[in-house]
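Protein chains: 4
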Amino acid sequence: MSGNSFGKLFSVTTFGESHGPAIGCVIDGCPPGMALSEADIQPELDRRKPGTSRHVTQRQEADRVQILSGVYQGVTTGTPIALLIPNEDQRSKDYGNITETFRPGHADYTYWHKYGVRDPRGGGRSSARLTAPVVGAGAVAKKWLREQYGTEFFGCMRTLGDIEVPFQSFEHVQANPFFAATADADLLARMEAAMDELRRAGDSIGARIDVVARKVPVGWGQPIYDKLDADIAYAMMGINAVKGVEIGAGFASVAQKGSEHGDELTPEGFVGNNAGGVLGGISTGQDITVSIAIKPTSSIRTPRRSIDKDGNPVMVETFGRHDPCVGIRATPIAEAMLALVLIDHALMQRAQCGDVKVGTPKLG
Amino acid sequence: MSGNSFGKLFSVTTFGESHGPAIGCVIDGCPPGMALSEADIQPELDRRKPGTSRHVTQRQEADRVQILSGVYQGVTTGTPIALLIPNEDQRSKDYGNITETFRPGHADYTYWHKYGVRDPRGGGRSSARLTAPVVGAGAVAKKWLREQYGTEFFGCMRTLGDIEVPFQSFEHVQANPFFAATADADLLARMEAAMDELRRAGDSIGARIDVVARKVPVGWGQPIYDKLDADIAYAMMGINAVKGVEIGAGFASVAQKGSEHGDELTPEGFVGNNAGGVLGGISTGQDITVSIAIKPTSSIRTPRRSIDKDGNPVMVETFGRHDPCVGIRATPIAEAMLALVLIDHALMQRAQCGDVKVGTPKLG
Amino acid sequence: MSGNSFGKLFSVTTFGESHGPAIGCVIDGCPPGMALSEADIQPELDRRKPGTSRHVTQRQEADRVQILSGVYQGVTTGTPIALLIPNEDQRSKDYGNITETFRPGHADYTYWHKYGVRDPRGGGRSSARLTAPVVGAGAVAKKWLREQYGTEFFGCMRTLGDIEVPFQSFEHVQANPFFAATADADLLARMEAAMDELRRAGDSIGARIDVVARKVPVGWGQPIYDKLDADIAYAMMGINAVKGVEIGAGFASVAQKGSEHGDELTPEGFVGNNAGGVLGGISTGQDITVSIAIKPTSSIRTPRRSIDKDGNPVMVETFGRHDPCVGIRATPIAEAMLALVLIDHALMQRAQCGDVKVGTPKLG
Amino acid sequence: MSGNSFGKLFSVTTFGESHGPAIGCVIDGCPPGMALSEADIQPELDRRKPGTSRHVTQRQEADRVQILSGVYQGVTTGTPIALLIPNEDQRSKDYGNITETFRPGHADYTYWHKYGVRDPRGGGRSSARLTAPVVGAGAVAKKWLREQYGTEFFGCMRTLGDIEVPFQSFEHVQANPFFAATADADLLARMEAAMDELRRAGDSIGARIDVVARKVPVGWGQPIYDKLDADIAYAMMGINAVKGVEIGAGFASVAQKGSEHGDELTPEGFVGNNAGGVLGGISTGQDITVSIAIKPTSSIRTPRRSIDKDGNPVMVETFGRHDPCVGIRATPIAEAMLALVLIDHALMQRAQCGDVKVGTPKLG
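Protein chains in written order, with our numbering: chain A, 1 to 364; chain B, 1 to 364; chain C, 1 to 364; chain D, 1 to 364.
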């Protein structure tokens, strides 16, 4: 209710602030009987963690995850799985100058007016650091979905500022610091140069990310409100800095005709995927395809106009360690959120219709 | 849980199918003490109802709403408000030919595989007709928000297929059949001609709709998951045929720099609204600005390839009465959904922080 | 959230007031593919309806239920099932004298202070009449549980005021006006006489009711909060006039020793059922046994001290039509509530652990 | 959903097992601006912790609580408050002999059949140790309710096996090891002797506990399902080993007449409190009075019949450290649960009706 839990049947409740002693989450509803250890979760956290290249924040965090509960002898027991990630590199002093002012583009102003009090250290609760527990929970969800249905998740950057990044193959994603699905060395060099230039200028840039889930059974989702695509939009727009979400053809569908947009069916399956794998809020069995827009990082070294708590004009400049493009690290986060949406609907479908064999309509 | 309720504190549970005896909803959580009668709700339903121009479905429905409970002597009592809308123009025979096949772009295929059974009459539960109760509930939400905070809602069409519709003023919206915020007679004539041509061709087209909420107090929303913008994305993507959602600058923020995107503050307020009225998931006090992409209507007279239940190839052609652009009637629906999101957060803010005077931070 | 919905996966949202145009409910989450018509529901409503003997209220209500949605060609579709029950015998004038005062033992005082407004006609929303939709929804739940698991529900009166009613067999329950599980004609005559005497005296009396669910699979329930017995206690205490709930040995367990209370197991099954079919919040596969205490009806003709809205002392006497023992009609209501609790846990178990074969532990 | 969260607006999600590395909880929804430190929580944990007298388990746990988040500079920020309690005295070997059998009266049998896997160390998740985080969360709730409304909580033992414990004053509760509200030295000596005898005999006994909340404003609760008393029944029945719950007159109301039970009102207030402070599911402003029955501890040294996983007969004897009467330590737990119910309804009332001044009906 108070906005710190995600999901209903596979529910993730997160806690922590950027510079408190630890962050973490409690996963309630993970099915019993799945082999699970920290080794299943850590690789996903490592994909997201800071300091992996010169293009992301230089904060030093090992993001070492501990499982506190819910696993016995290496197997999930059906009880809550608590994940704990200690904060190691807390430099509260970096943020000392911002406690009395509101940084443009940040949650400072809104938190202050909502709660009447706020933890300003590193953005407190609104820090992108809080996506780490989500990625941890997402790793658990991904494992279960993979084992049960063969579902796999992929993500990549498609646009960095004004640079379009053509899609070649997801296999290239881990081979460059941008999660770009390309092996085009010239393009990657151009991206690196653009990022270096931004850092020098003390500015930041936005990005567009695509995420895909493959081997999603037909029949996941709800008819009116908890539509699969509505829940995906909710999940994606909830990621820090996201300003837009598309499913399938997205905004391009505005100019399409019905005779062009509606994906025809043949005995071999759907012809095209303008739907993005969702019709009437329910999965079609095709790839779920999602695209998100991420705004430029709000923390920049360029001085900007703002006000202090008393309403007086001030200039604000954000020092400290920041990602010049938060979109870069957004790929594993978006994959995790998509996995959390899907596992919730997978469990819901079991509740509603039992263990239906994929693709086999059944009464009962 | 099963996807037919919207909202937590102001919760709307809908029921009904396109060709059943009635559709309706139960609103649970409307605050007590507000004057309310059918006359407060009917005008919003009239904006959405079919048959108002030649450009929308010719189904004849008065959409006459009855309040069955929750109001005593013209005042809300705090108990559930049930709204009932009888279905008058049910022509089940129009749909007789589609029970064995799956119409491209429709929910037929997914409902069948999810539930193993489906009501094919007029799309059953997946019909856009089910947005009527939502508009009714939205009218109740709008009234309460207006009385408590002065909040107002506006919406308009911004794109019809490939025709851009410049924004002049919301006052023009009710003066044309497209909810266009323009008085440009040439443009409107061009839109009418495009629609007439579509109808002749038996095809359909998409649209882009903008919705805005004004006078939204600062402080509504939650920090991590139930972000105000995430809930808006969920609400909008849940409207039939929506494929994309943007808040504020939306996808344009990808190419923006941080020094351009982050809205500066001065003692007079924010300079610009790239944020769309939401920072860190919480309202800033500025206009909430949302944009949605609506796909072309899937029901078209153009023959299309599909399969029947047994997987055999068939051709499908949809006769009957349909909107050639479902985007036209989407404007009041999107306004209603935005109102439902906001009232829920308004009540939540009272729970969390008490009756905070707008814009005045308070401890307690 | 606002207290008018019951259940999570099989969720029932009720609406209506005692003297409004209609009462009803929306069932969201009924699994698809079950044969269902009004004929499955009406008999349960007939068991609860007023006017069936001289010992219950003489209000004349046919309690004729209509299914408005969620059923197509006699089969549930998985979409919301709306039940509507028109109010036929509304005598608002009977209650005219009570709008300014607070009847002792009634919700008048608390509604007024909570909401600042209340519907006084027949108790408005707090009327026991609002248990009718629950019984309707319970009939749907009972049918599904019976078809899937063979689960059956039974209830009977065990105490009427100071008269103990020994349990002989549930087969006698429908043969007397008290839902007594006995064929003892002398005892039944004594109960009739006691009730006649009470009516003459203008007074009322309490009752104790037992309800049992048989053939409940092992494994339903949750470990910490949504324990099966906790949910049952919640359901039972939520029935109008209930003041106490016991599971299994109940309050008698206080004086038991551990060596006496803990039900031993043998290869043939449990020896005894002090647990009432629940251990650690999860069903054991034995009968679920519940006992509830129902207070005497608050509406009595005996004059009683109260105050009016301004705090002035007044005497209150309640005329109109009332049950001298609301406990009599509580039996089918308690059965319905138990069925609603169980179906929710049945669906939850499917979500958590899949379609586990009853009694067969399984990993996955 | 999966049964490890309590409360909606002040929501507590617990995690951990009896012999895992740590237990704890996440509180989501604590209002911002309240002073809070470990020193506010620890005293309540100390009341519940093991090893405080020879009559409770001798397990040595400091139950030292750490606040991991949600508090900045000693003040709650409105974000989740994570509480962590390390497990210090884990003797897994004590439980080695029980992994293959089901202890009578325990959750072993049901967990195994529900999940197909279980953590047998000290009862795992079903251990009464898991009430510690609840008591911690309850301390936070108590503080807020006390500061906002002056609400206070009291509890005491009323029956120990067959020994009735008359109520003298709550001030005696902390002066004896039983939470008895009496200074009667003879009675207390008799209770000590009874407990010593039980320990010698390797047996256990039940207890009856009363809890009271004072200064609860009128108007908390909901009309139909989330009745205040229903939520209390749910909370109490969810405490380990509870088999019965009463509100106000409880089961005694069965034999009462309406002219006796219904509490009359005078300008000075209610005359009597058979209602237990709740009418129609909503608080009356009187004391909330609750009574619970706690079964005898299931872990006893007396050999008992059971079966192993393969269904073969075995004899089970439980060694290790156990409370011979779990009812003794139940008093602070029951107080905590009552506080958690009340804070949730307090926040809900703010959402529904705004900051209504206590006792002043208001429209709006």
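It should be emphasised that the hints constitute simulated quantities derived from the structure, not laboratory data.
Be a bit skeptical, because a hint or two may be false.
Note that identical chains are pooled: a pair holds if it fits in a single copy or bridges any two copies.
[Said to hold, decoys possible] With a straight-line Cα cutoff of 30 Å, these simulated DSS-like cross-link-like pairs (lysine-lysine) come out:
| # | residue 1 | residue 2 |
| --- | --- | --- |
| 1 | Lys143 | Lys257 |
| 2 | Lys257 | Lys8 |
| 3 | Lys8 | Lys143 |
| 4 | Lys8 | Lys215 |
| 5 | Lys215 | Lys309 |
| 6 | Lys257 | Lys309 |
| 7 | Lys8 | Lys309 |
We went through each hint and held it up to the structure:
1. Lys143 / Lys257: For lysine 143 and lysine 257, neither the intra-copy (39 Å) nor the inter-copy (37 Å) Cα distance is at most 30 Å.
2. Lys257 / Lys8: neither (37 Å within a copy, 37 Å between copies)
3. Lys8 / Lys143: both (18 Å within a copy, 26 Å between copies)
4. Lys8 / Lys215: both (22 Å within a copy, 28 Å between copies)
5. Lys215 / Lys309: Between copies, since 21 Å is at most 30 Å while 51 Å is not.
6. Lys257 / Lys309: Close across copies (26 Å), not inside one copy (52 Å); limit 30 Å.
7. Lys8 / Lys309: neither (38 Å within a copy, 33 Å between copies)
Going through the hint list in order, the structure does not satisfy hints 1, 2, 7.
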